[in-house]
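A.B. asks: Protein chains in written order, with the working numbering: chain A, 1 to 196; chain B, 197 to 668.
Hints are not guaranteed to be accurate.
[Stated by the list, open to error] Across the chosen pairs, the derived CB separations fall in these ranges:
| # | chain 1 | residue 1 | chain 2 | residue 2 | range |
| --- | --- | --- | --- | --- | --- |
| 1 | A | 65 | B | 658 | 52 to 60 Å |
| 2 | A | 141 | B | 287 | 30 to 38 Å |
| 3 | B | 606 | A | 4 | 32 to 40 Å |
| 4 | A | 107 | B | 595 | 49 to 57 Å |
| 5 | A | 23 | B | 387 | 49 to 57 Å |
| 6 | B | 390 | A | 105 | 39 to 47 Å |
[What the hints assert, rightly or not] Residues from chain B shown here face chain A by an in silico Cβ test under 7 Å; the list is partial:
| # | residue |
| --- | --- |
| 7 | 344 |
| 8 | 351 |
| 9 | 374 |
These are calculated hints, taken from the structure and not from any lab test. Ideal placement from N, C-alpha and C gives every residue a C-beta, glycine not left out.
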Amino acid sequence: MINFFIGLFLASFIIVLFSERLYRLIFWYAFNSLALGIVTILVGIEHLDNALIISGSLTILLKAGVIPFVLKNISQRFNLIREITPNVPIHYSIILIPAIIIFTFYLAQPMSSMIVINSHYIAISISSFFLALILMIEHGSVAPKIIAFLMMENALFLLGTIATKGMPMFIELGIFFDVMMAIVIINLLFKEEHIK
Amino acid sequence: MILLYLITPALIMFFMSLSHHIYLRRILPITNLMVLIPIVYLFSLDKPYAIIGKYLVATDLNSYILLISSIVAIGVTLALITLNRHVEIDERSYIRFYRFFALFWIGLILSILSNNMGIYWIGLEMATLSTVYMIKTNKSKQATKEAWNYMIVGAIAISLILFGIILIYASAKPILGEEAMNFALLKVHIHEIQNPFLFELGFVIICVGSFIKMGFFPMNLWLANIERASFYPVGALFNGILESAILLGFFQFSTIAMQIDKHATFSFIFIYIFLTIFLVSFLIFRSKDFMRLFSLSGIEHMALIILFWVSGGYFPALLHFGAHAFLKPALFLSTGVLESEGRYKIAGALKGYHGFVGKTFWFIVGFFILAIISLPPSPMFFSEIYGFSAMITLAKEKDSLLWMILAITILLLLLSIIFYKFIEIYQSMKYKGEEVEKVVYKSELLAFLIFAVATIGLIMPQTITYLKAIYG
Numbered sequence: 001m002i003n004f005f006i007g008l009f010l011a012s013f014i015i016v017l018f019s020e021r022l023y024r025l026i027f028w029y030a031f032n033s034l035a036l037g038i039v040t041i042l043v044g045i046e047h048l049d050n051a052l053i054i055s056g057s058l059t060i061l062l063k064a065g066v067i068p069f070v071l072k073n074i075s076q077r078f079n080l081i082r083e084i085t086p087n088v089p090i091h092y093s094i095i096l097i098p099a100i101i102i103f104t105f106y107l108a109q110p111m112s113s114m115i116v117i118n119s120h121y122i123a124i125s126i127s128s129f130f131l132a133l134i135l136m137i138e139h140g141s142v143a144p145k146i147i148a149f150l151m152m153e154n155a156l157f158l159l160g161t162i163a164t165k166g167m168p169m170f171i172e173l174g175i176f177f178d179v180m181m182a183i184v185i186i187n188l189l190f191k192e193e194h195i196k
Numbered sequence: 197m198i199l200l201y202l203i204t205p206a207l208i209m210f211f212m213s214l215s216h217h218i219y220l221r222r223i224l225p226i227t228n229l230m231v232l233i234p235i236v237y238l239f240s241l242d243k244p245y246a247i248i249g250k251y252l253v254a255t256d257l258n259s260y261i262l263l264i265s266s267i268v269a270i271g272v273t274l275a276l277i278t279l280n281r282h283v284e285i286d287e288r289s290y291i292r293f294y295r296f297f298a299l300f301w302i303g304l305i306l307s308i309l310s311n312n313m314g315i316y317w318i319g320l321e322m323a324t325l326s327t328v329y330m331i332k333t334n335k336s337k338q339a340t341k342e343a344w345n346y347m348i349v350g351a352i353a354i355s356l357i358l359f360g361i362i363l364i365y366a367s368a369k370p371i372l373g374e375e376a377m378n379f380a381l382l383k384v385h386i387h388e389i390q391n392p393f394l395f396e397l398g399f400v401i402i403c404v405g406s407f408i409k410m411g412f413f414p415m416n417l418w419l420a421n422i423e424r425a426s427f428y429p430v431g432a433l434f435n436g437i438l439e440s441a442i443l444l445g446f447f448q449f450s451t452i453a454m455q456i457d458k459h460a461t462f463s464f465i466f467i468y469i470f471l472t473i474f475l476v477s478f479l480i481f482r483s484k485d486f487m488r489l490f491s492l493s494g495i496e497h498m499a500l501i502i503l504f505w506v507s508g509g510y511f512p513a514l515l516h517f518g519a520h521a522f523l524k525p526a527l528f529l530s531t532g533v534l535e536s537e538g539r540y541k542i543a544g545a546l547k548g549y550h551g552f553v554g555k556t557f558w559f560i561v562g563f564f565i566l567a568i569i570s571l572p573p574s575p576m577f578f579s580e581i582y583g584f585s586a587m588i589t590l591a592k593e594k595d596s597l598l599w600m601i602l603a604i605t606i607l608l609l610l611l612s613i614i615f616y617k618f619i620e621i622y623q624s625m626k627y628k629g630e631e632v633e634k635v636v637y638k639s640e641l642l643a644f645l646i647f648a649v650a651t652i653g654l655i656m657p658q659t660i661t662y663l664k665a666i667y668g
């Protein structure tokens with residue numbers, strides 16, 4: 001079951017790299033967060049860890065619900081350009097993305113050998129981190145870069161969940177708080193530009 | 197309870213900023229002074245002192261850094277009183293600047309006092325995000341671009357730090373459980389870690405993230421561009437407080453990493469620092485305005501602090517750290533006055549100051565500029581002598597004395613380029629150009645006096661004894 005959702009998590013990362021519409025990007029971010037939340041809950045159930053179940057539920061609520069809603073609202077309110085063509089042509093991305101995933105599997109091998117449980121997911125979280133960086137690089141406009149930042153945070157969250165069986169609860173709550181603060185600041189920045 | 201006292205001035209600033217009463221900013225430097233009371237109390241306590249259990253712990257090191265950051269914060273609030281006399285800023289943005297300054301300050305107090313990697317990261321992220329809006333208070337197109345730039349690059353840097361923390365946590369969790377995030381505990385149990393490779397990998401990733409945030413190779417210009425585009429107090433806050441917290445994190449992580457493999461840690465950091473100073477010295481040589489000059493010089497000094505630290509020269513690193521944290525914000529704040537005739541007008545920038553306030557201003561700014569290039573009796577002069585001798589001592593342990601002498605010679609040559617540029621600029625400011633009358637406000641002068649007294653305080657025997665005792 002976890003394998004299935006991890007697959008969906010990685011697939012949504014690949015899809016966003018080909019997206020040319022902002023709302024589609026927001027949708028896939030929400031989907032990615034949903035898959036991440038479910039994986040966290042399933043890992044929590046597997047290890048009988050209530051903290052993981054709570055943080056998985058919070059992920060679904062905030063990252064798959066509240067943040068995408070706020071982002072869509074921001075894009076409507078401030079008339080953000082919805083057509084976002086990647087700077088890297090899609091036919092190059094088709095070669096680049098599998099290359100990154102294969103590369104990270106080799107890169108993560110020494111690390112995976114040191115982690116006993118779910119070690120093969122480490123490579124997926126690291127490749128997701130790199131894919132988020134690619135998303136950030138391949139777009140010139142700000143909105144996709146924000147989503148790339150949020151997806152990068154998702155990749156790190158997966159790494160934290162898998163490699164360490166979850167970080168302490170208060171740290172995860174702190175990270176949620178920071179993500180929410182980032183959204184507030186992004187909103188303020190757009191608002192200032194709009195007023196100007 | 198101490199934590200509440202420490203964050204009270206920031207909370208007062210935050211709530212006052214909600215009232216939209218612009219005159220309240222005159223009260224803020226006084227309320228900010230209150231932060232010194234709990235800090236002085238912290239100094240009187242036996243260390244380590246648990247502020248909140250094992251999560252926030254005051255040590256000799258972080259109390260020193262907190263004191264320095266607080267003095268910088270007091271100086272910045274004083275200089276902020278007259279910000280609107282030097283730059284165009286509307287009242288709404290002015291008040292919001294204070295609001296985000298307060299959040300920034302709370303984040304950094306948490307970060308500095310944390311004995312937990314997670315809390316350290318949360319505080320740092322909070323401060324980073326608050327800075328984005330402070331950059332944006334300047335309404336220029338360039339500032340908007342740089343605010344987004346800071347948001348994106350800052351986010352990458354901070355994500356890399358989190359990535360490294362997760363790997364370190366994963367490496368130590370099998371032996372320490374959830375306590376693997378505790379700096380003090382990790383220091384004690386580091387040799388029991390079964391996977392030092394994971395720790396080292398995490399440390400390297402943290403270094404890369406921290407170095408991006410500090411503007412090291414190859415990201416030498418991004419910070420200078422941001423500081424150029426934003427109002428001058430932002431540069432002061434970056435160099436005096438934010439970078440201090442990042443350096444503190446580096447000190448904590450590197451002390452543990454050096455227990456695993458001291459020489460490998462030194463070699464990795466040395467190559468990074470060498471490349472940084474090499475690039476920065478030439479960038480400084482080509483810089484044409486005060487802001488970029490001070491910003492790039494800040495990178496050079498942070499690189500030296502890190503180099504001295506990993507060489508085992510804890511005392512020179514901390515002395516250099518203190519001097520940099522006072523001198524650099526002072527210079528950034530002085531740009532408000534120095535650039536009153538235009539940002540590229542260096543010639544005659546130290547002319548045209550009349551009366552007691554004006555003359556004291558040019559004397560103090562001259563003192564800051566000469567102190568930053570390590571002219572004796574600047575604390576930086578002593579820190580560099582002690583720092584380079586720490587490098588020689590390390591080289592003797594490694595039997596690579598000749599290589600180290602060669603490396604130090606090249607570093608000194610690069611530093612002499614910076615020295616030459618600063619002297620040339622100082623002469624141009626003092627002896628060239630036309631004399632145009634300029635205004636310095638008393639609150640600004642008070643801020644500069646605080647920084648000057650604090651810098652002199654660093655070479656007092658008591659301070660030196662305290663710093664030498666921090667790491668034996």
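A.B. asks: Look at each hint and say if it fits the structure.
C.D. replies: Results of checking the hints against the structure:
1. A:65 to B:658: 52 to 60 Å: holds (56 Å)
2. A:141 to B:287: 30 to 38 Å: Roughly 31 Å apart at Cβ, these two residues keep to the hinted range, so it holds.
3. B:606 to A:4: 32 to 40 Å: Given about 57 Å between the Cβ atoms, the range is violated.
4. A:107 to B:595: 49 to 57 Å: violated (34 Å)
5. A:23 to B:387: 49 to 57 Å: Cβ of residue 23 of chain A to Cβ of residue 387 of chain B: about 53 Å, so the range 49 to 57 Å holds.
6. B:390 to A:105: 39 to 47 Å: violated (23 Å)
7. 344: Since chain A brings a Cβ to about 5 Å from residue 344 of chain B, closer than 7 Å, the hint holds.
8. 351: With Cβ-Cβ at 5 Å, under 7 Å, it holds.
9. 374: Since chain A brings a Cβ to about 5 Å from residue 374 of chain B, closer than 7 Å, the hint holds.
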